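A.B. asks: Start from the sequences and build out the full structure, keeping to the hints where you can.
Read top to bottom, the protein sequences are chains A and B. Sequential numbering from 1 applies to the first sequence in this note's numbering. Sequential numbering from 1001 applies to the second sequence in this note's numbering.
Keep in mind that the hints were calculated from the coordinates and are not lab data.
Pairs of lysine to aspartate or glutamate, EDC-like flavour, derived with a Cα cap of 20 Å:
hint	chain 1	residue 1	chain 2	residue 2
1	A	K165	B	E1163
2	A	K209	B	D1118
3	B	K1165	A	D169
4	B	K1191	B	D1226
5	B	K1165	A	E161
6	B	K1165	A	D170
7	A	K158	B	D1169
8	B	K1158	A	D170
9	B	K1229	B	D1018
10	A	K238	B	D1107
11	A	K82	A	E67
12	B	K1191	B	D1228
13	A	K223	B	D1118
This one's a predicted model, so the numbers in the text were calculated from it and none came from an experiment.
2 protein chains.
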Amino acid sequence: MNSKSRPTIYLIPVPLSDTGTERVLPSYNLSVVKGLKYFIVENIRSARRFLKACDRSIDIDSLSFSELNGHTDPQSIPSLLKPAHEGHDIGIISEAGCPAIADPGADVVAVAQTHGYDVVPLVGPSSIIMGLMGSGFNGQSFAFNGYLPIDGGRRSAKLRELERKIMHDDQTQIFIETPYRNNKLIAELCKSLPRQMRLCVASDITGEKQSILTLTLSEWSKKKYDYDKIPAIFLLYK
Amino acid sequence: MNSKSRPTIYLIPVPLSDTGTERVLPSYNLSVVKGLKYFIVENIRSARRFLKACDRSIDIDSLSFSELNGHTDPQSIPSLLKPAHEGHDIGIISEAGCPAIADPGADVVAVAQTHGYDVVPLVGPSSIIMGLMGSGFNGQSFAFNGYLPIDGGRRSAKLRELERKIMHDDQTQIFIETPYRNNKLIAELCKSLPRQMRLCVASDITGEKQSILTLTLSEWSKKKYDYDKIPAIFLLYK
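C.D. replies: The following block contains the structure:
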């Protein structure tokens, strides 16, 4: 990783759950991680823990970490790339899953692109893609919507929009919810959308209690379930 | 994989390029593959080649393969799950990347879900997610559109729709093209869309010549490039 003329920004996925890294990351990722000295991370403590889990022999104290998260001043983002300006490769690590997907990182990648740096994403677990694979829904056309709006009126309007995109555009609709509201969300979907519409709940992806279950909303409304406090992703399709 | 009461359908990603499996697949995937005897595959010859690349000691001739692709009669899809009805686990393997994402497999997963079988996606390379990670574009809201329509009028209408979803809904738009038309597509985007809009071309993902490049359409229109016959994915954002 030192023989190139341009610095490289590596996007380094981390596990979604407490499983070992060999369960969800290619061994190649470890060889990349071991060659890096500079990291931009969502949370320094989790990033250090991840690097130790990759390889106990990594000398964490010799590494340099900058934080990038909701508390970061947008104006300071370009300066996070200082090591790259000096010719060093940088690794970006988010709290869970793939950096820059439903997670910080995209802003700094956008700046790296304007400098002409190489940007190299590594393979890792994405709950969006794994949920979609397991759902049985349309994988030729799909949208990830992040969180639904909290405000009642905007939330209803968003659900109407998702319904239209499913029925009219044949597009799978994917979204997430704050985990302690998962049960409430499912009940709300059952009440607000056509009962023959299918909902897939993909929970604890790659974890011990992973479950990916597709049922019609009519079936969900009769089912006993408890997804509260379990990380989950929701997919809707006709 | 024999101690469970319900059969499991594994979705098994394969490399996108000629790189080794350890570059893009977790070692765990290999342990799953080695426990399976029944496979539903997009192409038998490629699936056999992939399994040999996973582990040369796998006795390919002892395995059972069913094909699922554009030539498969939709009515025959439920019968592909016959081994599961008899209590066996099944692996689904597509030609490249993640099964059921922009690839066959979703229909058979949908049937497996109605039988209550466990569906377990494994981690692997997705050009959609890796392109998005490397683009610097919005990863909180994005849509994959598959191929653009070929017919001129419908194609223009689709480009207008993508523009609206980018500008109005702040949603990254992702799509693919038949590789021999890649250059023509880039020229067309430069001509049809606002010149300050950004286009990311992510080509040969995970391969020797991987390139993920984000520029404004104005910059693309002045640039020399040749993506013809190279597998690529296209992302647009404001």
